[in-house]
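Novice: Given next are the chains, with one letter for each unit.
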Amino acid sequence: MTVAAPSVPSAARADRRPPALGGFSTAVLAIEIRRVLRNRRTLIFILVMPAVFFLLFGLPQRGQELPNGRPVTAWIMISLAVYGAMVATTSAGAAVATERALGWSRQLRLTPLRPPAYVATKVATAMVLGLIAVLVEFAVGAAAGVRLPVQVWLLSGLTAWLGSLVFAAFGLFVGYLAPAENVMQFMGPILAILAMLGGLFVPLDVLPHALQQIAKFTPVYGVGQLARAPLTGAGLDWVALGNVAGWTVLFGLGAARLFRRDTTRV
Amino acid sequence: MSWLERDARSGDEVADRRSILVMTDTAPAVELAGLTKTFGPVTAVDGLSLRIAPGEVVAFLGPNGAGKTTTVDMLLGLARPDAGRVRLFGGTPADAVRLGRVAAVMQTGGLLKDLTVGETVRMTAEFYGRTRPVAEVLDRAGIAPLADRLVGKCSGGQQQRLRFALALLPDPDLMVLDEPTTGMDVEGRRDFWQAIRADARTGRTVLFATHYLDEADAYADRIVLVRQGRVVADGTTAEIKNLAAGRVVRATLPGADQAVLAALPGVRAVEVRGDAVLVRTDDSDEVARYLLSRTAARDVEITSRNLEDAFLALTTDTPTTASPTAQTIGA
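Protein sequence lines correspond, in order, to chains C and R.
The opening residue of the first sequence carries number 851 in our numbering; numbering runs sequentially from there.
The opening residue of the second sequence carries number 5 in our numbering; numbering runs sequentially from there.
Just so you know, the hints here were simulated from the structure itself, not pulled from any lab data.
Glycine is no exception: its CB is placed at the ideal position from the N, C-alpha and C atoms.
There's no promise every hint is true.
[To be verified] Stretch by stretch, here's where chain R covers chain C in the computed footprint (C-beta under 8 Å, at least three residues):
hint : stretch
1    : 885 to 894
2    : 978 to 992
3    : 1073 to 1081
[Stated by the list, open to error] Straight-line distance between alpha carbons at most 20 Å, and here's what the computed DMTMM-like set of lysine to aspartate or glutamate pairs gives:
hint : chain 1 : residue 1 : chain 2 : residue 2
4    : R       : LYS117    : C       : GLU949
5    : R       : LYS245    : R       : ASP287
6    : C       : LYS1066   : C       : ASP1087
7    : R       : LYS117    : C       : ASP1055
8    : R       : LYS157    : C       : GLU949
9    : C       : LYS1066   : C       : ASP1055
10   : R       : LYS245    : R       : ASP218
11   : R       : LYS157    : R       : ASP195
12   : R       : LYS157    : R       : GLU191
13   : R       : LYS245    : R       : ASP221
14   : R       : LYS245    : R       : ASP286
15   : R       : LYS157    : C       : GLU1031
[Stated by the list, open to error] Derived Cβ-Cβ restraints for the label pairs, each shown as a range:
hint : chain 1 : residue 1 : chain 2 : residue 2 : range
16   : C       : GLY1092   : R       : ASP118    : 48 to 58 Å
17   : C       : PRO999    : R       : PRO149    : 51 to 61 Å
18   : C       : GLN911    : R       : PRO149    : 46 to 56 Å
19   : R       : GLU243    : C       : ALA1106   : 52 to 62 Å
20   : R       : ARG136    : C       : LEU1100   : 26 to 36 Å
21   : C       : LEU871    : R       : ASP118    : 19 to 29 Å
Modelling step: build the complete structure from the supplied sequences, incorporating the hints.
Specialist: Written as structure tokens, this is what we have:
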């Protein structure tokens, strides 16, 4: 019988304390990234496919020049880097759907991990993956002979990467909306259509005029335009900037709202 | 009605007595007061009250649908009660979770299939302010050799021991196990309970929900029987078993002399119901011999009762017809 057992639980562990930063840590981030990179399907979608697209559709354009004399292959490379980054960040954000479906979120509620720290981990994971996607696409481009001034590499890469934050928010939004384990199976085609409308696969000029007008309001358009601006020398495009800002706010607020609903659900 | 209601009410008194025994001035490990939860027209938990002193090992025993899991959810702060109050160590469940004072092993789900066992434990350790070493909890849960295996490739029993390892991380003062061995084979159940028993750190309060009688019997010091969201019996394992001890001799005997029967050796209780007389006794031979040789008794029946019977009697949906003896004997 434990009735007579000495019972000093509170005295014995007076050193109990909640975790620093609500449980956010680089150790968790490292495990999360390793976990994603272990997933072969994710790797194919975010790293292999954009690279293959470049070799298939970019290389045949070798020798062609943009109006400002820069190579067309660079235009395609940057577009595909944006595509890789957006797929990476969306799938990392949408992972919350899988974790909710598996009951992991419920398990986490039995730990001191704070919900904002959980979301911060997801966003950080998304951004690391997005960065890897951009770097891989640029490395493939460079290896295939794309030569650009340093500031174009840097500015375009940075914009493609930071712009993918919109899609981390988009992924979280979808993740909290659809508690399905296989959420990326229907997200894949949606992302491809958005990328098409955003002018990542072909220049928008080849689309019918009406579609071009609609395309300017779709969420990929802005990021694509801004990421290619250092290359084309187009300068600051206010329509593109407004597009990115609008969609970031929309997806961000949507994700935040669903996230709050999820955590106050008790 | 006698025993059932009295015992349900005496739950608090039992806990009080224990608190005095252990001479601690700390708050109860668990204090549930008038807990109620309804889902549409169904009342899953119906004014349930329970107090558990630090250090107790308590089985929360009842059939499926008795409201055990709903109660555990409210206890852990995963569900909000419609009425009533939950206190863990004098604070809210959220406080206890934040400080790692409570940990739980839930029935199913809650694991990422694409992490390894070791990664799952290392990751979860980061969510706490302070934990036991990862290697230690893996070892204590008996899954150290599986550290590099993907969770999705582990058997149900192995996954359950992983959940147990996660629950060990914060070295909790209260460990809650919700039907921890559901779906496990006999060997899995044995291994799991071996791990739990090996862990039995002095002073840790353990509350486990189960519908396996033998688990409650083997691992708990105190059994709380629930039915339809209410506590129907609460006592030490010995007390609960005692309910079922002995045999019942039933006979048709108009005008039976209760006093004489009650004076027979071994007799615990006598009840007359119409022409029938029911005698609960430790010596059924003696009673039967007396009835057959000294009285006009006929239709003598002797039935034995065990923990299973007590459990069934107390937890069946229609207690008035199914368990008349359980309610009246010992009154």
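Novice: All hints, please: hold or fail.
Specialist: Each hint, compared with the structure:
1. 885 to 894: The restraint on the stretch 885 to 894 of chain C holds, since 3 of its residues have a Cβ under 8 Å from chain R and three suffice.
2. 978 to 992: violated (count 0)
3. 1073 to 1081: violated (count 0)
4. R:LYS117 with C:GLU949: It holds: about 10 Å lies between the C-alpha atoms, which stays within 20 Å.
5. R:LYS245 with R:ASP287: 17 Å, holds
6. C:LYS1066 with C:ASP1087: Since the Cα atoms of C:LYS1066 and C:ASP1087 sit roughly 12 Å apart, the hinted pair holds (cutoff 20 Å).
7. R:LYS117 with C:ASP1055: 45 Å, violated
8. R:LYS157 with C:GLU949: 17 Å, holds
9. C:LYS1066 with C:ASP1055: It holds: about 12 Å lies between the C-alpha atoms, which stays within 20 Å.
10. R:LYS245 with R:ASP218: 11 Å, holds
11. R:LYS157 with R:ASP195: 18 Å, holds
12. R:LYS157 with R:GLU191: 18 Å, holds
13. R:LYS245 with R:ASP221: Status holds; Cα separation ~9 Å.
14. R:LYS245 with R:ASP286: 14 Å, holds
15. R:LYS157 with C:GLU1031: 17 Å, holds
16. C:GLY1092 with R:ASP118: 48 to 58 Å: 39 Å, violated
17. C:PRO999 with R:PRO149: 51 to 61 Å: Given about 56 Å between the Cβ atoms, the range holds.
18. C:GLN911 with R:PRO149: 46 to 56 Å: 55 Å, holds
19. R:GLU243 with C:ALA1106: 52 to 62 Å: 53 Å, holds
20. R:ARG136 with C:LEU1100: 26 to 36 Å: 45 Å, violated
21. C:LEU871 with R:ASP118: 19 to 29 Å: 25 Å, holds
In summary, the numbered hints that this structure violates are 2, 3, 7, 16 and 20.
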